[in-house]
Amino acid sequence: MKALILAGGKGSRLRDQPDAPPKPLLTVGDKRLMDFSLQNAVNAGVTEIVVVVSYFTEEVINHYGSQYRGVPITYKIQNDPRGLVHAIECAAGAIGSSDFILMLADEVFLGFSVAPLVERFHGEKLFAVLGVVEVDDRSRISKTYSILADSATGRIHRLIEKPRRPHDCIMGTGNCVLANGILSYIDMTPVNQTRGEKELPDLIQCAVDDGQSIKMQIISDRYINVNSMEDFRAVYDLLKQYGESF
Numbered sequence: 012m013k014a015l016i017l018a019g020g021k022g023s024r025l026r027d028q029p030d031a032p033p034k035p036l037l038t039v040g041d042k043r044l045m046d047f048s049l050q051n052a053v054n055a056g057v058t059e060i061v062v063v064v065s066y067f068t069e070e071v072i073n074h075y076g077s078q079y080r081g082v083p084i085t086y087k088i089q090n091d092p093r094g095l096v097h098a099i100e101c102a103a104g105a106i107g108s109s110d111f112i113l114m115l116a117d118e119v120f121l122g123f124s125v126a127p128l129v130e131r132f133h134g135e136k137l138f139a140v141l142g143v144v145e146v147d148d149r150s151r152i153s154k155t156y157s158i159l160a161d162s163a164t165g166r167i168h169r170l171i172e173k174p175r176r177p178h179d180c181i182m183g184t185g186n187c188v189l190a191n192g193i194l195s196y197i198d199m200t201p202v203n204q205t206r207g208e209k210e211l212p213d214l215i216q217c218a219v220d221d222g223q224s225i226k227m228q229i230i231s232d233r234y235i236n237v238n239s240m241e242d243f244r245a246v247y248d249l250l251k252q253y254g255e256s257f
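Residue numbers (my numbering): 12 to 257.
Keep in mind the hints are simulated off the structure, nothing from the lab.
Hints should not be assumed to be uniformly reliable.
Heads up, simulated DSSO-like pairs for lysine-lysine below, C-alpha to C-alpha not over 30 Å straight-line [what the hints assert, rightly or not]:
#1 154 x 173
#2 42 x 251
#3 226 x 154
#4 136 x 251
#5 226 x 173
#6 136 x 226
#7 42 x 154
#8 136 x 173
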């Protein structure tokens, strides 16, 4: 199994100085932001890490080089970025015929291992397992996606991108384990008319509608999607409170 890390964020709201590093290389304690995803991939035993970059590509590639803790890294450049699904499409050649773990370089989880998702994916012979978190503030879900699923089995029936009124406290994340077959649904995924790009929940919904077995799993209660300085400070607070060691 491979890991696919999407690191195409420009991080404009986090780069308050002209010489500030690109978003994946922002320092959080003694780590770079993307280190959290990279180490999780290594701990899960992946054979290769594919990283999609869009901005400041040379800086990211020069920093990490051709491997991370012994696992080879392949870089794919997303020219003319058009969202997460487009980034996955850009990486399709590097993914090849492998199933893969999808990660976002700007998502930080503490006390989280992707390995249980991989084990469930294989053990139940699923098409996908989506990592979700339970939140107190439902307005956070309006920035990602919500899920309608069977409460007993976790099998997903519907995904709603950026819901105006989330129906519960479950929030979707970008951490998923996906069968290689998900790539075949990219062409049939509709373009979001508001954003002008294909959305990850819509891609997965195509597979759900096609009868594929896709389940969700709560993965952490300490999660931050880093998109602002407020988010960045929240990561520092979490690290100070709980600590995190690789």
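Given hint residue 154 paired with residue 226 - CA-CA distance at most 30 Å: Answer holds: residue 226 to residue 154 is near 21 Å, not above 30 Å.
30 Å limit on alpha-carbon distance, applied to hinted pair residue 154 and residue 173: Answer holds: residue 154 to residue 173 is near 5 Å, not above 30 Å.
Does residue 154 lie within 30 Å of residue 42 when you go C-alpha to C-alpha? holds, 26 Å
For residue 136 and residue 226, compute the direct alpha-carbon distance and say whether it is at most 30 Å. This hinted pair holds, its Cα atoms lying about 11 Å apart.
Please verify whether residue 136 and residue 173 have alpha carbons no more than 30 Å apart. Distance ~29 Å between residue 136 and residue 173 Cα, so the pair holds.
What's the verdict on residue 226 and residue 173, does the C-alpha distance respect the 30 Å limit or exceed it? holds, 19 Å
For a C-alpha distance cap of 30 Å, please report whether residue 42 and residue 251 respect it. holds, 13 Å
Are residue 136 and residue 251 close enough, with their CA atoms no more than 30 Å apart? It is violated: about 39 Å lies between the C-alpha atoms, which goes past 30 Å.
Violation of the numbered hints given earlier is confined to hint 4; every other hint is satisfied by the structure.
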